[in-house]
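Engineer: Top line first, the protein sequences correspond to chains A and B.
Letter by letter, the first sequence follows residues 1 to 75 in the numbering used here.
Letter by letter, the second sequence follows residues 1 to 244 in the numbering used here.
Be aware that a few hints might be false.
Pairs of lysine-lysine, DSBU-like flavour, derived with a Cα cap of 30 Å [stated by the list, open to error]: (1) K167(B) - K41(A); (2) K24(A) - K181(B); (3) K237(B) - K181(B); (4) K167(B) - K188(B); (5) K60(A) - K66(B); (6) K41(A) - K24(A); (7) K66(B) - K181(B); (8) K188(B) - K178(B); (9) K167(B) - K178(B); (10) K22(A) - K41(A); (11) K167(B) - K186(B); (12) K167(B) - K236(B); (13) K194(B) - K178(B); (14) K236(B) - K24(A); (15) K63(B) - K22(A); (16) K181(B) - K194(B); (17) K181(B) - K236(B); (18) K63(B) - K167(B); (19) K181(B) - K60(A); (20) K22(A) - K181(B); (21) K41(A) - K60(A); (22) K41(A) - K194(B); (23) K167(B) - K181(B); (24) K60(A) - K22(A).
Output of the computed footprint for chain B on chain A, the stretches with three or more beta carbons under 8 Å from beta carbons of chain B [what the hints assert, rightly or not]: (25) 14-27; (26) 43-55.
Honestly, the hints are just simulated from the structure, not real lab data.
The beta carbon of each residue, even a glycine, is placed where N, CA and C say it ideally should be.
Next come the chains, spelled out residue by residue.
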Amino acid sequence: MILYTIMPEHFIFQVDSDEYTKQKVVYYDGIPFLVQETETKEWEIVRNLSTNPAHFLEQKYAPGARFPLSMAATS
Amino acid sequence: MEKKQYIPFESEEPQEEKQEQAATNIQQLGQTNIPQMTQDTNIHCLTIIGQIEGHIQLPPQNKATKYEHVIPQIVAIEQNPNIEGLLVILNTVGGDVEAGLAIAEMLASLSKPTVSIVLGGGHSIGVPIAVSCDYSFITETATMTIHPVRLTGLVIGVPQTFEYLDKMQERVVRFVTKHSKITEEKFKELMFSKGNLTRDIGTNVVGPDAVQYGLIDEVGGVAQALQKLRQLIEWKKEGGTMLQ
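This is chain A alone, in the form it adopts within the complex (with noise of 0.2 Å):
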């Protein structure tokens, strides 16, 4: 199938909606990341949304890494 459109793929292939809930804002040490659930009930980070390029030397900060549900702040 082509299909040959100016619409956005979203716009026709909607996401589940169970999708959006997969990823999540979360403040760890202060810093914010765009995090997902793992099976083994940790936050796996997803992007670190800080601004401070120190905080993307630090290895636990970095994408793919992970921490204990507990430990992350809504705000």
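Starting from the known structure of chain A, fit chain B onto it as the hints suggest.
Structural biologist: Same frame as chain A, now just chain B:
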């Protein structure tokens, strides 16, 4: 020289812990060592990447810059006395006009020195964000697509919709011409020119051309951008006021 700096760090850690850490690093990051930096930095860096998300939340697989993240960060940067300058890094395809203009206005009204650098692409609504900073850089290979405002997938039903879009476009044009050296005539010429983009109107401006048109101040990379930012910080300390 750099290697020497990291050696004391490694030797300080107990051997066992180091091995364990290295194992998790390989597992999670595919790499063994990332240098540690604890001291506070006076220059913060804001990345405008992927699509600029508007009022509709994009599915999580999209890489998006969300204004509800960026705007509080800009407020925090304005308030934090330890932060003296902001480097804005752009690699964006564009996105929501209102959200993009909101970010651009926030950056333009920041009292601290700001320098932007376009890497890869600063397309569409990325253009006002790039020019909103006090000084702008573009890398040699980066491009910026200038095109008219459009509604993706929605149909213009009444002439009033068209007029509304025209007014929205006028805001973008006014912002860009106010914050950069490009003239309104030139910007509109690039915006409505035919034959540059396949079956579309607009122009894809490459790094040095963007500088030639006056849209961006200089061609350069991260070293030049940081040097300029430090210069602006010094200048501000000596009592200079930010112009833009």
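Engineer: With reference to the structure, classify each hint as holding or not holding.
Structural biologist: Hint-by-hint comparison with the structure:
no.	hint	verdict
1	K167(B) - K41(A)	violated, 50 Å
2	K24(A) - K181(B)	violated, 41 Å
3	K237(B) - K181(B)	holds, 26 Å
4	K167(B) - K188(B)	holds, 14 Å
5	K60(A) - K66(B)	holds, 24 Å
6	K41(A) - K24(A)	holds, 14 Å
7	K66(B) - K181(B)	holds, 28 Å
8	K188(B) - K178(B)	holds, 14 Å
9	K167(B) - K178(B)	holds, 16 Å
10	K22(A) - K41(A)	holds, 12 Å
11	K167(B) - K186(B)	holds, 19 Å
12	K167(B) - K236(B)	violated, 36 Å
13	K194(B) - K178(B)	holds, 25 Å
14	K236(B) - K24(A)	violated, 38 Å
15	K63(B) - K22(A)	holds, 15 Å
16	K181(B) - K194(B)	holds, 23 Å
17	K181(B) - K236(B)	holds, 22 Å
18	K63(B) - K167(B)	holds, 29 Å
19	K181(B) - K60(A)	violated, 43 Å
20	K22(A) - K181(B)	violated, 44 Å
21	K41(A) - K60(A)	holds, 17 Å
22	K41(A) - K194(B)	violated, 54 Å
23	K167(B) - K181(B)	holds, 22 Å
24	K60(A) - K22(A)	holds, 21 Å
25	14-27	holds (count 6)
26	43-55	holds (count 5)
The structure does not agree with the numbered hints 1, 2, 12, 14, 19, 20, 22 stated previously, though it agrees with the rest.
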